[in-house]
Amino acid sequence: MWRFLVRTIAQRLLLLVVISIVSHTVIHLAPGQPSEVDALNPMMKAEDVARIRKSFHLDDPIYLQYVHWMKDLCTGQLKSFRDGMPVVPTIWERFLNSLPLFVCTTLIVWTASFPIGIRAALKRGSRYDRSTTFVAYTLISVPGFFLSYLLILWVVRTFHLPVIGLATFGTQSESGAVRLMDRIWHLAIPSLMAALTGIAVLSRYVRAQMLEVLGQDYVRTARAKGLDEDHVVYGHALRNALLPFVTMFGLLLPGLISGSVIFEQIFAWPGLGLLGYEAILARDFPMILTLNFMAAALTLLGILLSDILYALVDPRIRLE
Amino acid sequence: MSSPLSPTPGELALGPSRPDAEALGIAETPAQQLWRTFRKDRLAMVGLYTLLTLLVVALLGNLLTGWWVVFDPTTVRLPDKLLPPLSAASSALGKDLLPPFHVYPFGTDELGRNVFARMLQGSFVSLSVGIVAVSISLGIGVTVGGLAGFYGQRKLGPLSVDSWLMRFTDVVLCFPTFFLILTVVALLPPSIYNIMIVIGITSWMSTARFVRAEFLALREQDFVTAAKALGLPEWRIIFRHMIPNALAPVLVSATINVAHAILTESALSFLGFGVRPPYATWGNILADGRSYIFDAPWLFLIPGAAILLVVLAFNLVGEGLRDAMNPKLRKRAG
Numbered sequence: 001m002w003r004f005l006v007r008t009i010a011q012r013l014l015l016l017v018v019i020s021i022v023s024h025t026v027i028h029l030a031p032g033q034p035s036e037v038d039a040l041n042p043m044m045k046a047e048d049v050a051r052i053r054k055s056f057h058l059d060d061p062i063y064l065q066y067v068h069w070m071k072d073l074c075t076g077q078l079k080s081f082r083d084g085m086p087v088v089p090t091i092w093e094r095f096l097n098s099l100p101l102f103v104c105t106t107l108i109v110w111t112a113s114f115p116i117g118i119r120a121a122l123k124r125g126s127r128y129d130r131s132t133t134f135v136a137y138t139l140i141s142v143p144g145f146f147l148s149y150l151l152i153l154w155v156v157r158t159f160h161l162p163v164i165g166l167a168t169f170g171t172q173s174e175s176g177a178v179r180l181m182d183r184i185w186h187l188a189i190p191s192l193m194a195a196l197t198g199i200a201v202l203s204r205y206v207r208a209q210m211l212e213v214l215g216q217d218y219v220r221t222a223r224a225k226g227l228d229e230d231h232v233v234y235g236h237a238l239r240n241a242l243l244p245f246v247t248m249f250g251l252l253l254p255g256l257i258s259g260s261v262i263f264e265q266i267f268a269w270p271g272l273g274l275l276g277y278e279a280i281l282a283r284d285f286p287m288i289l290t291l292n293f294m295a296a297a298l299t300l301l302g303i304l305l306s307d308i309l310y311a312l313v314d315p316r317i318r319l320e
Numbered sequence: 001m002s003s004p005l006s007p008t009p010g011e012l013a014l015g016p017s018r019p020d021a022e023a024l025g026i027a028e029t030p031a032q033q034l035w036r037t038f039r040k041d042r043l044a045m046v047g048l049y050t051l052l053t054l055l056v057v058a059l060l061g062n063l064l065t066g067w068w069v070v071f072d073p074t075t076v077r078l079p080d081k082l083l084p085p086l087s088a089a090s091s092a093l094g095k096d097l098l099p100p101f102h103v104y105p106f107g108t109d110e111l112g113r114n115v116f117a118r119m120l121q122g123s124f125v126s127l128s129v130g131i132v133a134v135s136i137s138l139g140i141g142v143t144v145g146g147l148a149g150f151y152g153q154r155k156l157g158p159l160s161v162d163s164w165l166m167r168f169t170d171v172v173l174c175f176p177t178f179f180l181i182l183t184v185v186a187l188l189p190p191s192i193y194n195i196m197i198v199i200g201i202t203s204w205m206s207t208a209r210f211v212r213a214e215f216l217a218l219r220e221q222d223f224v225t226a227a228k229a230l231g232l233p234e235w236r237i238i239f240r241h242m243i244p245n246a247l248a249p250v251l252v253s254a255t256i257n258v259a260h261a262i263l264t265e266s267a268l269s270f271l272g273f274g275v276r277p278p279y280a281t282w283g284n285i286l287a288d289g290r291s292y293i294f295d296a297p298w299l300f301l302i303p304g305a306a307i308l309l310v311v312l313a314f315n316l317v318g319e320g321l322r323d324a325m326n327p328k329l330r331k332r333a334g
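Note that the protein sequences, when read in sequence, are chains A and B.
Just so it is clear: in the first sequence, position 310 is 310 by the working numbering, and no numbers are missing.
Just so it is clear: in the second sequence, position 107 is 107 by the working numbering, and no numbers are missing.
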């Protein structure tokens with residue numbers, strides 16, 4: 001087990017270095033210079049551009065730029081092209097904004113999908129099964145922002161809920177409880193919207209997995225023993241059906257960065273996705289690269305976590 | 001030299017004209033069997049008909065908007081701007097500007113352009129974005145997966161070909177896909193081909209894995225051994241014998257990937273990185289329409305509903321195909 005851990009972590013680190021080199025090269029070789037973004041600004045003279053290019057090492061050969069980027073990233077000195085602010089604290093601040101949205105969305109998705117999926121599997125072919133199937137496909141097929149806009153219109157008119165931003169403007173002087181409630185209200189609609197597609201996808205997986213397990217011999221044996229149906233379904237079938245979902249849990253991690261661009265844009269939620277979007281618009285290479293790097297690191301971490309979790313919950317699997 | 005089209009051993013033994021061959025389900029080719037199972041899935045059939053209709057509409061639309069001046073989606077008719085669906089064209093327009101039958105079936109947009117004509121043109125562009133992107137991803141995926149599966153054991157430097165290719169696939173899988181697409185599309189000069197290519201080269205990984213897995217299984221099968229024993233060249237074994245047999249799961253994921261590509265294109269349009277004018281796609285009609293959601297809701301609802309319908313149809317057909325290829329389900333259905 002320990003040998004496995006050391007070896008995979010070493011492999012993953014190597015992979016991470018390769019990924020960082022590839023993404024650095026791709027972004028720096030693509031046309032569109034960061035110093036060109038403000039090309040129409042009359043205050044920007046040629047010597048200013050040259051000075052900016054020099055201070056951000058943009059005239060160095062590409063491998064030197066990579067070394068500079070990595071060195072600055074590791075020492076926390078990396079500065080954004082756009083506003084000269086250090087990159088890592090900015091990302092951390094935005095991460096704290098994204099986290100509640102991510103946690104809420106995930107909680108909603110995972111608590112709603114299982115009952116829906118299990119019921120559909122148990123009542124296979126019934127009207128319930130067919131209608132949830134159809135609704136799930138519709139939710140998967142609808143462009144996220146189209147549905148969100150329609151639902152926002154409806155929600156705002158019917159329930160008078162706030163839908164934009166983290167908190168209502170001007171509530172900073174209110175008491176802690178009021179501010180907390182305000183934050184929760186602002187969180188409600190974005191997390192529900194972001195969860196809808198997730199519920200559709202995950203409940204289909206749950207259904208398929210339950211159907212697979214319910215057809216197994218050990219379920220038939222459990223029934224033949226005369227166990228009551230609840231015990232068979234939840235004690236025997238569900239426990240085994242849960243195994244693949246353990247791996248999915250680890251794969252959720254990268255969604256923290258890349259999964260939320262659209263929703264954060266719709267709801268003006270100042271999180272990581274929006275940060276990335278703004279960075280791309282501004283050709284803010286250090287920010288783009290660091291976000292990309294972190295997303296890749298999270299993906300690798302997620303895969304590692306899911307491998308370990310899988311070995312922990314399934315005694316048949318040994319990590320060699 | 002035996003041709004791959006010659007009868008299978010089963011058919012030879014039974015003879016082609018046995019009356020009960022069909023009842024036994026033996027004389028059916030795999031494609032016929034697939035179709036028989038697929039046909040029973042009502043939702044998937046509805047999806048298939050929708051797609052066929054759409055294909056006709058897209059081709060006709062491309063012809064109409066290209067050749068018939070009054071159908072030109074770029075014709076600006078300022079007196080007629082923001083008209084609701086099915087309203088008649090105003091008489092202020094010159095004769096050569098009047099829309100067909102003097103009616104705007106889907107209304108007009110903020111420049112008085114005929115939304116119906118734009119949707120027609122968009123159907124062709126949206127579909128081709130999806131199909132071209134998926135063809136690119138299929139091409140890369142089948143090549144990488146096929147090479148890894150067929151030549152996997154050869155050594156190339158310190159690692160085998162298989163390790164090289166699959167580690168490369170892992171590297172690409174680690175990139176946050178949508179973020180990467182966004183970055184590349186934002187950095188490259190805006191063009192519809194760039195969007196197709198970028199979506200294509202960020203979505204081939206699952207195809208490569210499927211094809212590799214199928215190739216590894218197929219390589220051990222008797223018919224491949226037989227083909228090798230006959231001394232067939234490797235390219236012939238790969239292209240005539242192995243790829244056709246490995247394509248089934250790939251086809252399913254390709255169908256669903258087209259749906260994905262259309263959704264990605266609309267998401268890119270929403271963020272302002274989509275296909276640029278003069279091309280109309282459903283994605284950019286929808287993204288432009290959101291500014292008029294209160295004054296002219298049809299500009300938002302019509303393309304949104306169209307995307308929903310088409311993506312749903314692709315998804316239903318894909319799932320139907322997957323079910324029809326699942327041997328367990330097929331037995332039950334047959």
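In case anyone wonders, no lab produced these hints; they're calculated from the structure.
Be careful, since some hints might not be right.
To be verified - Subject to a maximum C-alpha distance of 25 Å in a straight line, what follows is the list of computed SDA-like cross-link-like pairs (lysine to any residue):
| no. | chain 1 | residue 1 | chain 2 | residue 2 |
| --- | --- | --- | --- | --- |
| 1 | B | Lys155 | A | Gln11 |
| 2 | B | Lys155 | A | Val22 |
| 3 | B | Lys155 | A | Leu14 |
| 4 | A | Lys123 | B | Arg322 |
Given the structure is predicted, the values throughout are model-derived calculations rather than measurements.
How the hints compare with the structure:
1. B:Lys155 - A:Gln11: This hinted pair holds, its Cα atoms lying about 20 Å apart.
2. B:Lys155 - A:Val22: holds, 24 Å
3. B:Lys155 - A:Leu14: holds, 21 Å
4. A:Lys123 - B:Arg322: Roughly 21 Å separates the two Cα atoms, so the pair holds.
When each numbered hint is compared with the structure, no violation occurs for any of them.
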